[in-house]
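Asker: Listed below, chain by chain, are the residues.
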Amino acid sequence: DAGVTQSPTHLIKTRGQQVTLRCSPKSGHDTVSWYQQALGQGPQFIFQYYEEEERQRGNFPDRFSGHQFPNYSSELNVNALLLGDSALYLCASSLVSSTEAFFGQGTRLTVV
Amino acid sequence: QQQVKQSPQSLIVQKGGISIINCAYENTAFDYFPWYQQFPGKGPALLIAIRPDVSEKKEGRFTISFNKSAKQFSLHIMDSQPGDSATYFCAASEMDSSYKLIFGSGTRLLVRP
Chain A
86 DAGVTQSPTH LIKTRGQQVT LRCSPKSGHD TVSWYQQALG QGPQFIFQYY EEEERQRGNF
146 PDRFSGHQFP NYSSELNVNA LLLGDSALYL CASSLVSSTE AFFGQGTRLT VV
Chain B
327 QQQVKQSPQS LIVQKGGISI INCAYENTAF DYFPWYQQFP GKGPALLIAI RPDVSEKKEG
387 RFTISFNKSA KQFSLHIMDS QPGDSATYFC AASEMDSSYK LIFGSGTRLL VRP
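Read top to bottom, the protein sequences are chains A and B.
All residue numbers in the first sequence are consecutive under our numbering, ending with 197.
All residue numbers in the second sequence are consecutive under our numbering, ending with 439.
Note that these hints are calculated values from the structure, not bench results.
The model shown is predicted, which means the values in this text are computed figures rather than measured ones.
Do not take every clue at face value.
[To be verified] Sample of chain B residues lacking proximity to chain A, with all beta carbon distances greater than 10 Å (derived):
id	residue
1	337
2	379
3	394
4	432
[As the list claims (entries may be wrong)] In silico contact screen, one side only, chain B against chain A (beta carbon under 10 Å); selected entries:
id	residue
5	360
6	389
7	417
8	423
9	426
10	428
11	429
12	431
[Claimed, not checked] Derived CB-CB ranges, DEER-like:
id	chain 1	residue 1	chain 2	residue 2	range
13	A	146	B	366	48 to 58 Å
14	A	165	B	334	35 to 45 Å
15	B	382	A	124	50 to 60 Å
16	B	354	A	182	15 to 25 Å
17	A	113	B	385	15 to 25 Å
18	B	386	A	146	36 to 46 Å
19	A	147	B	422	35 to 45 Å
For glycine and all other residues, C-beta sits at the position ideal for the given N, C-alpha and C.
With the sequences and hints as input, model every part of the structure.
Answerer: See the structure below:
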């Protein structure tokens with residue numbers, strides 16, 4: 086059983102560019118959440134998707150947007166990249182009825 | 327009110343010793359408290375979790391102690407091993423917020439052989 090998979094593993098972008106990160110949830114899971122983890126800090130909640138709708142949103146600007154597809158996979162898009170967007174982006178999947186969330190290995194985004 | 331405060335920031339323990347990490351929260355609506363373990367370059371892995379209706383939960387060498395009145399909970403790692411060396415995060419969530427996780431700042435644990 087494949088767990089949560091994220092792609093790409095690493096990414097380098099230039100300030101002002103746009104980036105798309107991808108996530109495939111654990112088999113059987115229907116809910117996907119995205120987190121940003123800056124170096125040396127705990128993950129910060131960005132948003133959560135269920136039934137292709139944004140269900141909850143954290144304190145992140147509109148430059149951060151997402152999408153969930155009918156197969157429950159998800160994308161995180163960040164526009165107009167800033168140096169401060171450099172972080173590990175984590176995807177977590179769960180069942181909408183469950184508390185347990187399982188994380189992928191993350192995508193390390195570096196903005197130069 | 328959404329914060330979860332975690333201490334210590336770092337911890338060094340000898341092999342075989344007990345590692346203790348503490349967390350405190352303010353939001354009394356939180357009803358789920360997991361602990362995650364993260365190795366460098368990896369995503370957090372769910373270690374153990376507790377709900378506020380119990381005061382203690384044990385899984386192998388890992389135990390969560392929960393004090394609802396003090397709004398505090400802690401992770402105890404018994405017989406700590408060098409392989410336990412990692413960063414540990416406490417977290418909290420509530421059903422009304424779709425169980426989005428609010429994480430502590432993390433504790434870097436080093437277990438010396």
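Asker: Run the C-beta distances from residue 432(B) to all of chain A and say if the shortest one exceeds 10 Å.
Answerer: 5 Å, violated
Asker: Confirm or reject the statement that residue 337(B) sits farther than 10 Å, beta carbon to beta carbon, from all of chain A.
Answerer: Label holds. Min Cβ-Cβ 15 Å, cutoff 10 Å.
Asker: The hint names residue 428(B) as touching chain A; please verify it with the least Cβ-Cβ distance against 10 Å.
Answerer: 7 Å, holds
Asker: Starting from the range 35 to 45 Å, see whether the pair residue 147(A) and residue 422(B) falls in it by beta-carbon distance.
Answerer: At 24 Å between Cβs, range violated.
Asker: Minimum C-beta separation from residue 379(B) to chain A exceeding 10 Å: can you confirm that?
Answerer: 13 Å, holds
Asker: Would you settle whether the hint for residue 431(B) is holds or violated, based on the nearest Cβ-Cβ distance to chain A being less than 10 Å?
Answerer: This interface hint holds because 5 Å falls under the 10 Å limit.
Asker: Quick one, is the residue 429(B) hint okay against chain A at 10 Å, beta carbons?
Answerer: With a minimum Cβ separation of about 3 Å from chain A (threshold 10 Å), the hint on residue 429(B) holds.
Asker: That 36 to 46 Å hint for residue 386(B) and residue 146(A) (C-beta), does it hold up?
Answerer: 42 Å, holds
Asker: Should the interface hint for residue 389(B) be scored as holding, given a Cβ-Cβ cut-off of 10 Å against chain A?
Answerer: With a minimum Cβ separation of about 19 Å from chain A (threshold 10 Å), the hint on residue 389(B) is violated.
Asker: Would you check whether residue 360(B) satisfies its interface hint, that is, whether its CB is within less than 10 Å of any CB in chain A?
Answerer: 8 Å, holds
Asker: Between residue 113(A) and residue 385(B), does the beta-carbon spacing fit 15 to 25 Å?
Answerer: 23 Å, holds
Asker: 50 to 60 Å was suggested as the range; check whether the CB atoms of residue 382(B) and residue 124(A) agree with it.
Answerer: 34 Å, violated
Violated hints for the displayed structure, listed by number in ascending order: 4, 6, 13, 15, 19.
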